[in-house]
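K.L.:
Next come the chains, spelled out residue by residue.
Number of protein chains: 2
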Amino acid sequence: MAKDENFDEWYNEIVEKAGLCDKRYPIKGMNVWLPYGWKIMQNIDTIIRNEMEETGHQELYFPLLIPESFFKKEEEHIKGFSQEVFWVTHAGKNELEEKMLLRPTSETAMYPMFSLWIRSHADLPLKIFQIVNTFRYETKMTKAFIRVREIHFFEAHTAHESYEDAEAQVKEDIEIAKRFFKKLALPILFSRRPEWDKFAGAEYSIGIDVLMPSGRSLQVGSVHQYRQNFAKAFDIKYEGLDGKHHYCHQTTYGMSERVLGAVIGIHGDDRGIAIPSSIAPIKVVIVPIIFKGHEEEVMKECRDVEKELKSKEISSIVDDRDKTPGNKFYDWELKGVPIRIEIGPRDIQKGVVTIVARDGIKKEIDRNELDKIKEELEEFDERLYKKAEKFLKENIHRIKKMERKEGIVEIPWCGKEECGIKMEEELEMKSLGTPLEKEEINEKCPVCGEKAVTWLRLARSY
Amino acid sequence: MAKDENFDEWYNEIVEKAGLCDKRYPIKGMNVWLPYGWKIMQNIDTIIRNEMEETGHQELYFPLLIPESFFKKEEEHIKGFSQEVFWVTHAGKNELEEKMLLRPTSETAMYPMFSLWIRSHADLPLKIFQIVNTFRYETKMTKAFIRVREIHFFEAHTAHESYEDAEAQVKEDIEIAKRFFKKLALPILFSRRPEWDKFAGAEYSIGIDVLMPSGRSLQVGSVHQYRQNFAKAFDIKYEGLDGKHHYCHQTTYGMSERVLGAVIGIHGDDRGIAIPSSIAPIKVVIVPIIFKGHEEEVMKECRDVEKELKSKEISSIVDDRDKTPGNKFYDWELKGVPIRIEIGPRDIQKGVVTIVARDGIKKEIDRNELDKIKEELEEFDERLYKKAEKFLKENIHRIKKMERKEGIVEIPWCGKEECGIKMEEELEMKSLGTPLEKEEINEKCPVCGEKAVTWLRLARSY
Chain V
67 MAKDENFDEW YNEIVEKAGL CDKRYPIKGM NVWLPYGWKI MQNIDTIIRN
117 EMEETGHQEL YFPLLIPESF FKKEEEHIKG FSQEVFWVTH AGKNELEEKM
167 LLRPTSETAM YPMFSLWIRS HADLPLKIFQ IVNTFRYETK MTKAFIRVRE
217 IHFFEAHTAH ESYEDAEAQV KEDIEIAKRF FKKLALPILF SRRPEWDKFA
267 GAEYSIGIDV LMPSGRSLQV GSVHQYRQNF AKAFDIKYEG LDGKHHYCHQ
317 TTYGMSERVL GAVIGIHGDD RGIAIPSSIA PIKVVIVPII FKGHEEEVMK
367 ECRDVEKELK SKEISSIVDD RDKTPGNKFY DWELKGVPIR IEIGPRDIQK
417 GVVTIVARDG IKKEIDRNEL DKIKEELEEF DERLYKKAEK FLKENIHRIK
467 KMERKEGIVE IPWCGKEECG IKMEEELEMK SLGTPLEKEE INEKCPVCGE
517 KAVTWLRLAR SY
Chain W
67 MAKDENFDEW YNEIVEKAGL CDKRYPIKGM NVWLPYGWKI MQNIDTIIRN
117 EMEETGHQEL YFPLLIPESF FKKEEEHIKG FSQEVFWVTH AGKNELEEKM
167 LLRPTSETAM YPMFSLWIRS HADLPLKIFQ IVNTFRYETK MTKAFIRVRE
217 IHFFEAHTAH ESYEDAEAQV KEDIEIAKRF FKKLALPILF SRRPEWDKFA
267 GAEYSIGIDV LMPSGRSLQV GSVHQYRQNF AKAFDIKYEG LDGKHHYCHQ
317 TTYGMSERVL GAVIGIHGDD RGIAIPSSIA PIKVVIVPII FKGHEEEVMK
367 ECRDVEKELK SKEISSIVDD RDKTPGNKFY DWELKGVPIR IEIGPRDIQK
417 GVVTIVARDG IKKEIDRNEL DKIKEELEEF DERLYKKAEK FLKENIHRIK
467 KMERKEGIVE IPWCGKEECG IKMEEELEMK SLGTPLEKEE INEKCPVCGE
517 KAVTWLRLAR SY
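As you go down the protein sequences, you meet chains V and W in turn. Quick note: the first sequence uses the working numbering, first residue 67, plus one each step. Quick note: the second sequence uses the working numbering, first residue 67, plus one each step.
Heads up, a few of these hints could be off.
One copy or two, it doesn't matter: identical chains are merged, so the pair holds either way.
Straight-line C-alpha distance at most 20 Å; calculated DMTMM-like pairs for lysine to aspartate or glutamate [stated by the list, open to error]:
1) Lys94 - Glu163
2) Lys159 - Glu141
3) Lys105 - Glu492
4) Lys373 - Glu119
5) Lys165 - Glu150
6) Lys452 - Glu469
7) Lys358 - Glu141
8) Lys456 - Asp425
9) Lys159 - Glu204
10) Lys438 - Glu448
11) Lys105 - Glu117
12) Lys249 - Glu75
13) Lys438 - Asp70
14) Lys358 - Glu408
15) Lys193 - Asp88
16) Lys459 - Glu505
17) Lys378 - Asp437
18) Lys517 - Glu506
19) Lys105 - Asp74
20) Lys159 - Glu142
21) Lys193 - Glu227
Worth flagging that the hints you see were computed from the coordinates, not collected in a lab. Keep in mind the model is a prediction, meaning the values are calculated, not measured.
With these hints in hand, go ahead and build the complete structure from the sequences.
P.N.:
This is how it looks when you write it as structure tokens:
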């Protein structure tokens, strides 16, 4: 499987070969999560759950189904989603009085309840999240984890007294995202999406993108400032210290199983996937290197090491299958286990274990210093990150005229929609938006020739 | 709230007052899980996940939607469910070519894949489970956690070489259920459901029931032996050691959020719910008993105790709200926190903490022996169990003629369906089925007068 030659083909193959999902389920874009893939996803969920807890968000669960009348309350929102929702129209033999949709996202399920829950400023901020499955009727070509119709989804929703409080929440979300993606060894870009590509119903949207090895960008998360748009549609008001009633200001932060798609695509290689230790179901696999006459000795040492690692909360297994070491290496590299320990009679004699990280770095570690495996795992994650960061940096191109490049381009932009659209058309790319950091710019928009006010990022994207 | 006077009213009220769910969501039978309720449910899920892991089951996730053609493959199954499934018929503006249903249970989603996964005896046993939401269009009166239309659901599915292997799985499931419900302090009854009430598609079904304080039974789980019924419908075959192809034998084990309904109903009292410590989000609440001049001292001691408990992995919080101790007691009793610690100047002076379990048992514990809280929590759970077990035992009545009783009756039964149905009608009860344990019986069926072969259990049920 040559990742560099045909990334998309490699990707489509590796997700099944590594035991992450099975795409043979008889509905397009709805795959079966296999145990190994599901475990990785649950580990990813655990990281975001911890981040949410540490920032004062509470987890809850809203129903999947939304009555049509609620879905239709926010005009922009329905425009954005009405083409891609699944409708439940019947139950048993009966046609329903009001049809219901499967949540494509949960604003219209949650906000009628927010309007019941929020009474006074003392109820604010309200910060909640849920991890659920959402549904979108994708008409484009589907792709495991990246473009599916049933989506494993994370969504945080907040309500605040003022626009400033909501802005502070957006900033907190950005910090959460930085920490979260760093743990997954994924370098990311934040871009303020252009007006014509913001979330349906938002005042503005910040996209979180990674660059895949194919040179195409992938949105892996987004943060939205809703201002009072939904609060007005759903009548979410609080009584302020001034005794008057005000509409709340709201934000959301969303991510999905695409995060796993990014991990697979960015860290993998021709031999398989590579899982950062932070989310690896098995951090260490121990492979006995058996020589005649040493079977028992080697197996005992393997079990001892496994036991010791487990006592240090490093998930590990001994591969005692009846296969050659070479075949075992192959299997575990395919599955992306961060570190392999090889133990043979020579290692036992020397009082060491040989460790080989998934990226090929080989070392001997003193048998009495197994604790060092923790550092080795961290260093492995760090190397994954550095490598991905280098790739990202090398593939962001600041250009001053319209020219096609692989990866992401940043072009001076006057800020007018028509010029942005022109750039998209001419380069056959999509706007990711503008960088969040303010920056002096002394360039001209290559479309209209007027003074540029910012850079516009564009890329071919998934 | 008087639980004894009107259990159902008490129940309906307590689920909201304790912060478990909000029933104001605008679809009947679909409630919002509030953070406290959701956390308890997640803790319940963790117990079953651990049980599954220890018995070699792997977790995965199947799509929610099932194509109509797959749903229709097993004849009995569709008869059982067709009246209560939700149908997705449209997506965006289009009518779907094939309509799809929301899983009411996942046999018909999983088994087409089983037939791809299972090739040889080496692939068996296959033991998997998932924790998902399922959907049933209930037409009866809905009740939080007990009769809802979106159901938080656990389902384990297994495939085996032989009927004996499948029987052994049924036995393993029974042992898992015993351990699981014991942890929740819930005494249960296993009954082999009568033929006319077995699961649609099963050879036989074992129901797991609890007795609610209203005197009505509640099914909280079930284990099904499918023999080869589904394997034949879905063509699930393996190549045996004999080189021939055989149909697999299958079983399932299912439970749902009803388990939480049972915890609420059985352990609660007029003051609120009572959560066994095994699943309590907060095991210990620390309430400062402040006297003038001792504020700092008491608060410091509370924080110290909290810190120490947390270091022992006993989840705890200090209630430092500006309320009277009495009001705080009220709030935490409502929410069912297993143990309250009261700390005042007198306790500090004596070098003790005062603990009050949710069931009223009060003790002083030496300040240097906070470890004892663990035992106290276990003893609390044990007391909940004993109390519930006593109630159950007192409300199972062996009777020899047809007479109405509160709770569960066991009547000598000849084994004929017509006699069983007659008993149901006359007593206005439902058959739970027959005990699993074989037992000598020298009685006559009160309907036909023939020799009884077993006892038939009946109850009014939810």
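K.L.:
Hint by hint, say whether it matches the structure.
P.N.:
Okay, the hints, checked on the actual structure:
no.: 1; hint: Lys94 - Glu163; in the structure: between (29 Å within a copy, 12 Å between copies)
no.: 2; hint: Lys159 - Glu141; in the structure: between (32 Å within a copy, 17 Å between copies)
no.: 3; hint: Lys105 - Glu492; in the structure: neither (43 Å within a copy, 52 Å between copies)
no.: 4; hint: Lys373 - Glu119; in the structure: between (32 Å within a copy, 18 Å between copies)
no.: 5; hint: Lys165 - Glu150; in the structure: both (15 Å within a copy, 16 Å between copies)
no.: 6; hint: Lys452 - Glu469; in the structure: neither (28 Å within a copy, 77 Å between copies)
no.: 7; hint: Lys358 - Glu141; in the structure: neither (74 Å within a copy, 57 Å between copies)
no.: 8; hint: Lys456 - Asp425; in the structure: within (16 Å within a copy, 61 Å between copies)
no.: 9; hint: Lys159 - Glu204; in the structure: between (28 Å within a copy, 13 Å between copies)
no.: 10; hint: Lys438 - Glu448; in the structure: within (15 Å within a copy, 43 Å between copies)
no.: 11; hint: Lys105 - Glu117; in the structure: both (19 Å within a copy, 16 Å between copies)
no.: 12; hint: Lys249 - Glu75; in the structure: neither (27 Å within a copy, 49 Å between copies)
no.: 13; hint: Lys438 - Asp70; in the structure: neither (34 Å within a copy, 61 Å between copies)
no.: 14; hint: Lys358 - Glu408; in the structure: within (16 Å within a copy, 66 Å between copies)
no.: 15; hint: Lys193 - Asp88; in the structure: between (35 Å within a copy, 17 Å between copies)
no.: 16; hint: Lys459 - Glu505; in the structure: within (18 Å within a copy, 76 Å between copies)
no.: 17; hint: Lys378 - Asp437; in the structure: within (8 Å within a copy, 23 Å between copies)
no.: 18; hint: Lys517 - Glu506; in the structure: within (12 Å within a copy, 96 Å between copies)
no.: 19; hint: Lys105 - Asp74; in the structure: neither (24 Å within a copy, 40 Å between copies)
no.: 20; hint: Lys159 - Glu142; in the structure: between (34 Å within a copy, 17 Å between copies)
no.: 21; hint: Lys193 - Glu227; in the structure: within (12 Å within a copy, 51 Å between copies)
Taken one by one, the earlier hints fail for this structure at numbers 3, 6, 7, 12, 13 and 19, listed in ascending order.
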